[in-house]
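Each protein sequence line maps, in turn, to chains R and D.
If you read the first sequence in my numbering, its first letter stands for residue 18, the second for the next number, and so on.
If you read the second sequence in my numbering, its first letter stands for residue 309, the second for the next number, and so on.
Keep in mind that the hints were calculated from the coordinates and are not lab data.
These numbers come from a predicted model, not from an experiment.
Every residue, glycine too, gets a C-beta built ideally from N, C-alpha and C.
Among the clues, some could well be false.
Quick list of in silico lysine to any residue cross-link-like pairs, SDA-like style, CA-CA up to 25 angstroms [as the list claims (entries may be wrong)]:
(1) D:K321 - R:K82
(2) R:K328 - D:K631
(3) R:K328 - D:S508
(4) R:K34 - D:A481
(5) D:K499 - R:V234
(6) R:K260 - D:Y580
(7) R:K82 - D:R395
(8) R:K77 - D:P374
(9) R:K270 - D:D463
(10) D:K506 - R:G30
(11) D:K418 - D:N484
(12) D:K321 - R:R193
(13) R:K77 - D:Q345
(14) R:K328 - D:R395
(15) D:K487 - R:H57
(16) R:K34 - D:E371
(17) D:K319 - D:R395
(18) D:K506 - R:A192
(19) D:K319 - R:L189
(20) R:K270 - D:T643
(21) R:K260 - R:V234
(22) D:K554 - R:R272
(23) R:K82 - D:I364
(24) R:K171 - D:A481
(25) D:K506 - R:H164
(26) D:K321 - R:E310
(27) R:K34 - D:N484
(28) D:K631 - R:R193
Sample of chain R residues at the chain D side, in silico, Cβ under 10 angstroms [as the list claims (entries may be wrong)]:
(29) R104
(30) I180
(31) V181
(32) H237
(33) E310
(34) I311
(35) F324
(36) I356
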Amino acid sequence: MKQVQAEENKRWGARLKIFLGYAPGVGKSYRMLDEARRRHERGEDVVVGAVQGQQSEDVKALLQKLESIPSQSEEHAALDLDAVLRRAPQVCVIDPLGAENPATSRNPHRWQDVQELLRSGISVLTSVNLLHVEEYREKVQAITGKHTTETIPKSFLLAADDIVIVDVPADLCLARSGEKLTSIGISNAQERKLSELRELALLLTAEVVDAQLETYVHAHGIQPVFGTHERFLVCITPESNAKAMIQSGIRNKERFQGELYVVYIHRHGLSCEESARIETYLQAARNAGATTEILQSDDPVSAIGEFATQKRITQIFIGHGSHDNWRDRLFGDPVLRLIRASDGIDVRVFPQ
Amino acid sequence: MSESEETQRRKLKVYLGYAAGVGKTFQMLSDAQAARQRGLDVVIAYFEPHARPDTIAQAEGLEMLPPRQIDYRNRVFKEMDTDATLRRKPDIALVDELAHTNVPGSERSKRWEDVQVLLEAGIEVWTTMNVQHLESLYDQIWQVTGIQVRETVPDWVVRRAAEIVAVDVTPDALLNRLKRGAIYKPEVIEKALSGFFKTSNLGALREMTLRQAAHEVDLRQTAYDETSDAGLSTAAPQEVPGDASKERILIVVTADPSTAMLIRRGRRVADYLHADCIALFVHRTPNVTELPAEERHTLEKHLRFARSLQMETRVVSGVDIAKTVVEFARSHQVTQVFVAPSRGGLRDRLLDRNFVENIVRLAEDLQVTVVADRSRRSASS
Chain R
18 MKQVQAEENK
28 RWGARLKIFL
38 GYAPGVGKSY
48 RMLDEARRRH
58 ERGEDVVVGA
68 VQGQQSEDVK
78 ALLQKLESIP
88 SQSEEHAALD
98 LDAVLRRAPQ
108 VCVIDPLGAE
118 NPATSRNPHR
128 WQDVQELLRS
138 GISVLTSVNL
148 LHVEEYREKV
158 QAITGKHTTE
168 TIPKSFLLAA
178 DDIVIVDVPA
188 DLCLARSGEK
198 LTSIGISNAQ
208 ERKLSELREL
218 ALLLTAEVVD
228 AQLETYVHAH
238 GIQPVFGTHE
248 RFLVCITPES
258 NAKAMIQSGI
268 RNKERFQGEL
278 YVVYIHRHGL
288 SCEESARIET
298 YLQAARNAGA
308 TTEILQSDDP
318 VSAIGEFATQ
328 KRITQIFIGH
338 GSHDNWRDRL
348 FGDPVLRLIR
358 ASDGIDVRVF
368 PQ
Chain D
309 MSESEETQRR
319 KLKVYLGYAA
329 GVGKTFQMLS
339 DAQAARQRGL
349 DVVIAYFEPH
359 ARPDTIAQAE
369 GLEMLPPRQI
379 DYRNRVFKEM
389 DTDATLRRKP
399 DIALVDELAH
409 TNVPGSERSK
419 RWEDVQVLLE
429 AGIEVWTTMN
439 VQHLESLYDQ
449 IWQVTGIQVR
459 ETVPDWVVRR
469 AAEIVAVDVT
479 PDALLNRLKR
489 GAIYKPEVIE
499 KALSGFFKTS
509 NLGALREMTL
519 RQAAHEVDLR
529 QTAYDETSDA
539 GLSTAAPQEV
549 PGDASKERIL
559 IVVTADPSTA
569 MLIRRGRRVA
579 DYLHADCIAL
589 FVHRTPNVTE
599 LPAEERHTLE
609 KHLRFARSLQ
619 METRVVSGVD
629 IAKTVVEFAR
639 SHQVTQVFVA
649 PSRGGLRDRL
659 LDRNFVENIV
669 RLAEDLQVTV
679 VADRSRRSAS
689 S
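Next up, chain R with everything else stripped away, as it sits in the complex (with noise of 0.2 angstroms):
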């Protein structure tokens, strides 16, 4: 669905462009204000359709220069979806993203209205608070203690053709604005916060920017691009020594801020036993956020390597073979073949 409609809004040439911050105060609307006041004075016709409550001097006087349409109503700062679309401008510009739309409002949110100037053709220039992503809820919520009532689908996000983090650090940010944080309940005595919510825009940037990249390679032809990310393979069977392996993939991941996977390479002959154990694995692998695959081949060590180059992994771990038996004395160790095939994967082995 998401391809379908970046599809038809090409077709118009319509763009969105998210300018996502992770609280207020780290100057989303003055950049992308500036953005807007950069395109007017190219020749690109731009509009303004929605402007934040409270404006600094800076945001005022970039206002000033720039053709606003007025709000529906004074006391609501609301977008007036239907004057922008008579007005019909090439770029509009949407501060923020993140707003209730009043109970007679033909779609109960604002992105919804962003979704139907993207299909007249409208590009949009919008803002985007951390705070108001609907998959971030909880997150944040453990962060600030507050609740949010406006949200935004992360999938929106993801299916913006571009994406740009307004960073600054948490200290500055305190500074420029410590009577708007404590409305989303921080004080001033809370960078550490800030500098978590901070981080969680920054990878929320990054995780769409690697949607793009895939996408890119992908319609160009390009070999797929390796490295970029950490990306963790953990190989289980049921002699290893699956738990700590596991545990490991688990803190590595999010210690890189990685993806983890966990495979079993299936094998005939189990005991009911081992199934069980093998499946406890997996189930523990997907309650700590990774995803999990049952491979099925006779040459467990190409269908590690093949699984690896698919899914763009850079380390792989596995556990120590036995040593000795009279197959691998014959075909060479498992674990040696699969270091020597790696190619440019790292390689952990694990004590059995």
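With chain R held as given, fit chain D onto it using these hints.
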């Protein structure tokens, strides 16, 4: 760090980007203007002379110290005048391009070394750099973009910075700036577009910048916890001394060229896992001095490199390399051994394969990481 040291050594702030033209210097100058408004004494200690018009406009009203002129091979080079900056002693000195290598004949070979001098003298420094200049990312950058970066900054320099600011722009906007001639002179634009400024390169470097910035922010959260008196409820679990999960990484140094990438990779993993890191060289001769001069020279270079990345280095003697490494690891509470496959000739490879594989075989009670040679999968191939 004692309190007096802490008050003496000043703050470093790094504006981190992913390419020329993303707006690092612009952002730094714009923040500097705001600082000046607040009454702070800010000077530009070094500014790239080929700056963009927008950037030059942003510098207006800020005091600029004249660069030092250095003659080298009948040409005049401009470098930061560190002594003049020390004499001027502002609150904040702006120093563009942290990764810059000074022209031969300068007092220090790297600009980041000059920056250390300013910091030690009690001057706060704001500076700019691109993510690809971070030492420990060298091999990953090579793998991802096919580019071998010549000028690097050791990770600890950035780690000691009080603040990292990510300067972000979309690759599309950056490419527009490039095509408009706002970044380079017209004659080099085409070359840039087909080389470094490929969309896939820019996307990858941008992602790495954002992740690096997130990591730097994460590291500094631990610092908040350590300095704040109030126990924060949201604080992440902290490392306890003697914690069983505390990792210790041992890097096996040889004369092979792959050792450099092994040291970089080990350093990076150790930093992310908050692990200790030791570099070990095992010589078969009873005494190091008996090694052939060339090999000894290479090894010294590798060990110096490890020390420059703030690793402890050890040299021990042992007839069987694999056995000596494993015994050392066991007696030093090492949890992970890092080894590299060889890049040398067939004979070397055969010998080294034995030694790497022997370690894997012998160290059944330890984790052994065989670090990949990332250059072989580089984007240029």
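Now for the hints, and whether the structure bears them out:
no., hint, verdict
1, D:K321 - R:K82, "violated, 33 angstroms"
2, R:K328 - D:K631, "violated, 36 angstroms"
3, R:K328 - D:S508, "holds, 18 angstroms"
4, R:K34 - D:A481, "holds, 11 angstroms"
5, D:K499 - R:V234, "holds, 21 angstroms"
6, R:K260 - D:Y580, "holds, 22 angstroms"
7, R:K82 - D:R395, "violated, 44 angstroms"
8, R:K77 - D:P374, "violated, 37 angstroms"
9, R:K270 - D:D463, "holds, 21 angstroms"
10, D:K506 - R:G30, "holds, 23 angstroms"
11, D:K418 - D:N484, "violated, 32 angstroms"
12, D:K321 - R:R193, "holds, 18 angstroms"
13, R:K77 - D:Q345, "holds, 19 angstroms"
14, R:K328 - D:R395, "violated, 55 angstroms"
15, D:K487 - R:H57, "holds, 19 angstroms"
16, R:K34 - D:E371, "violated, 37 angstroms"
17, D:K319 - D:R395, "holds, 18 angstroms"
18, D:K506 - R:A192, "violated, 39 angstroms"
19, D:K319 - R:L189, "holds, 14 angstroms"
20, R:K270 - D:T643, "holds, 18 angstroms"
21, R:K260 - R:V234, "violated, 36 angstroms"
22, D:K554 - R:R272, "holds, 13 angstroms"
23, R:K82 - D:I364, "holds, 23 angstroms"
24, R:K171 - D:A481, "holds, 23 angstroms"
25, D:K506 - R:H164, "violated, 43 angstroms"
26, D:K321 - R:E310, "violated, 44 angstroms"
27, R:K34 - D:N484, "holds, 15 angstroms"
28, D:K631 - R:R193, "violated, 60 angstroms"
29, R104, "violated, 25 angstroms"
30, I180, "holds, 8 angstroms"
31, V181, "holds, 5 angstroms"
32, H237, "holds, 8 angstroms"
33, E310, "violated, 22 angstroms"
34, I311, "violated, 25 angstroms"
35, F324, "violated, 16 angstroms"
36, I356, "holds, 5 angstroms"
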